[in-house]
Amino acid sequence: MSLMSTALAPPSGGQTTGQRGRPVSRRRRARLPKALHFLTFAAPGLAAYLLFVLLPIGMSVRTSFTNRSLINNPGQWVGLRNYTRLFSDADFTQALKNTIVITVIITVVANAAGLAIALLLDRRGKVYNAMRAVFFTPVILSGVVVSVIWRAILTDDGLLYSMLRGLGWHHPPGWLSNPDYALYSVAFILTWQILGFCVVVYLAGLQGVPQELMEAAEIDGAGKAARFRNVTWPMLAPALTINTVMLLISGFKVYDQVQVMTNGGPGNGTTSTIAFDVVQTTFTENHIGYGAAMGVVMLVIIAAVSVVALRFLQRREITL
Amino acid sequence: MFRRRFLVAGGVSLALALTGCTAGSGSKPATAGGSAGAKNVTLTFLTFETPNLTAKYWDDTIARISAKVPGVTIKKLVSPTTDRTTYAKQLAASGQLPDIMIAVDPNGFAQAGQLASWSDAQLSDFLFPHSGAIGGKVYQLPYNSQPVPEVYYNKADFAAAGIASTPKTYAEFLADCAKLKAKGINPMVVGGGGSDTWADLYPMTALVGTDVYKQTPDWLFQKTAGKVKFSDPLFQKAAGKLADLAKAGYIDPAGLSRSYADDEQAFRDNKGAMYPMGSWFASSADNKKPSFDIGVFPWPTDDGSPVLPVYTGGGMTVSSKAPDVALAQKWALALMTDKTYLDGSVKTDGSIIAEKDYTPPADMGPVYNATLAIYQEAVKANAVVPAFGSETGDGSLLPGMNTKVAAGVADVIDGKKSAADLGSFLDSEWTKAAQ
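Those sequence lines, one after another, are chains A and B. For my numbering, count along the first sequence from 1 and bump the result up by 532. Counting from 1, position 432 in the second sequence corresponds to residue 412 in my numbering; the numbering is continuous, with no gaps.
Don't take every hint at face value.
The calculated BS3-like cross-link candidates involving lysine-lysine, where the alpha carbons are at most 27 angstroms apart (straight line), are [to be verified]:
no., chain 1, residue 1, chain 2, residue 2
1, B, 56, B, 159
2, A, 629, B, 301
3, B, 396, B, 56
4, A, 785, B, 412
5, B, 412, A, 629
Hint data in this document are derived by calculation from the structure and do not stem from the laboratory.
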């Protein structure tokens, strides 16, 4: 019996008989056109996702098991060799360390500073609205634009350097030229750019805190700190989850700022990140298979960290 | 029925839309892969834009050359950065290698069979027709010679430090650096910041020229064959000189945060007395004269004998998969021998044209003429050696090694690596690059 004939079959006490003799409820019959409807609208999006996300990931995974290069294309199957090589590659481990340092800095600092600024801006008035816009502006700028601006400020002939010298500090540190500072300069700029996003998310969270809860706590004698610790902070748990996961993902994907500001330097890999190393390995050194393996490892790390963070923070939301 | 039609129509529309997303769509005629016949052939041309080589400059050039070679429509592609080789690799990885490319390193593409080689007849107008050959074949037209580097200097700074003439030997050069430093003048401006980390290479290129290639011009061929190492005494002598220059404070590490453009500006802003740079700076110096007079001299050798590192190449390459390879080569060759283009290249980019019977415009400035004179003297004295880090062809660094050499040099300038560290680092990176 075809699906169409089942759908057109006369009702029998609210149920009819489907394929293999199973009853098909009216509700299910009613759902079928809805499912088709859903598919109609979702198909273009699903197709695009399949073509531009899942298919390239699949192709990258396949490439990562080959020694494909510009010269040796499509390359030969080498099994896990690219993956075993990764862990003895000092450049990759350096890039991994740098990525972790950047991610930790932006996750902690942007969260903390974002919350502090949101608390300051959680008031009504034109000035506060304007300040919100000011803090959010860097978020809408491209990473390249932000990097060009900050390079002009942090370079050794730049604005900050000249200003500090003008104030009597004759040899300020080379923010981008000294390997001991360059990575932290990059992390600072990334934090500066993403800070506005955290502020907006925390502001939304703050505005969702029920006023009656705050008033009840105040009546119970809770001071500002106690109200924040026992009411506001627990109510901001969903905002913390969103911010943390977004910051973790952003931190592990950093490429533009490194490319424009330092090109991985000064020196060998002092500011290179995994994403930067993937591009260098694939398109400068021509090792496409090896670069794909780096990309797959990066994907696994981002997915694992995001899932763990999400689980942990969502469990915390429920507990609170 | 309506839903099915709707789905089919949606699917077809999506497929068409996705087909249209490919970068090269519409650029290839129906005759792709074969002879174009009498029909017009569309060819993609990868170029790059700089403040000197503007979009209008390229559009005018394309229009002029296309008028000389009928049957060709050129679709211009512009590299998003000046690193057009990396962009060409990205395009090649997705099967979209442009049909014609300018100043793209042929290494890798040629070995993969992606480029068409030039015949001796096609190369007959060039002074060094086999420059940059790969496996005995030439894939990039060798139209332009570039001394890399010559040392541009601020005449006022030299006078202030009591330096009467330019140094002839390396000992004199060190003495001049010491005099400048004693006067509170930073001896050398060297870049290497932003995305232009390569810009720190020039002192090293000069030192490898004078201390390695002078004795062993085929040193990199030998390195490729595994006969020599960066940690060998010959290369170590050059690396040691670089480390000593940095240690003595003659190279300012502040330059490692300066992009190439910032680096040039720093020299113009009088932040250092000497500026080791490729010959292309000559035109820039003449076209936009700074507040002081600029002189130029070749990087000195120990015994004062002339040595000049020079790169010859930089011209057009043609994809072996172009819709009509012969026509693409004809168009590329027409551009490379076009007097207006060559004059423009000399005026805007300080090119020293390596083509027979070519003479530069009569109104070239003093810095360009002095740069050219040093080159001509070196050619006459048979003192030209390869320019380390700029070579193409068989005797060149492995893909990606340029970046590693620049990174190692930065570490030496910053005091993070000794000459010995640099040697072992480069040997290790070479092994990795060769895998």
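Now for the hints, and whether the structure bears them out:
{"no.": "1", "hint": "B:56 x B:159", "verdict": "51 angstroms, violated"}
{"no.": "2", "hint": "A:629 x B:301", "verdict": "42 angstroms, violated"}
{"no.": "3", "hint": "B:396 x B:56", "verdict": "44 angstroms, violated"}
{"no.": "4", "hint": "A:785 x B:412", "verdict": "25 angstroms, holds"}
{"no.": "5", "hint": "B:412 x A:629", "verdict": "20 angstroms, holds"}
In summary, the structure is inconsistent with hints 1, 2 and 3 from the numbered list given earlier, while agreeing with the others.
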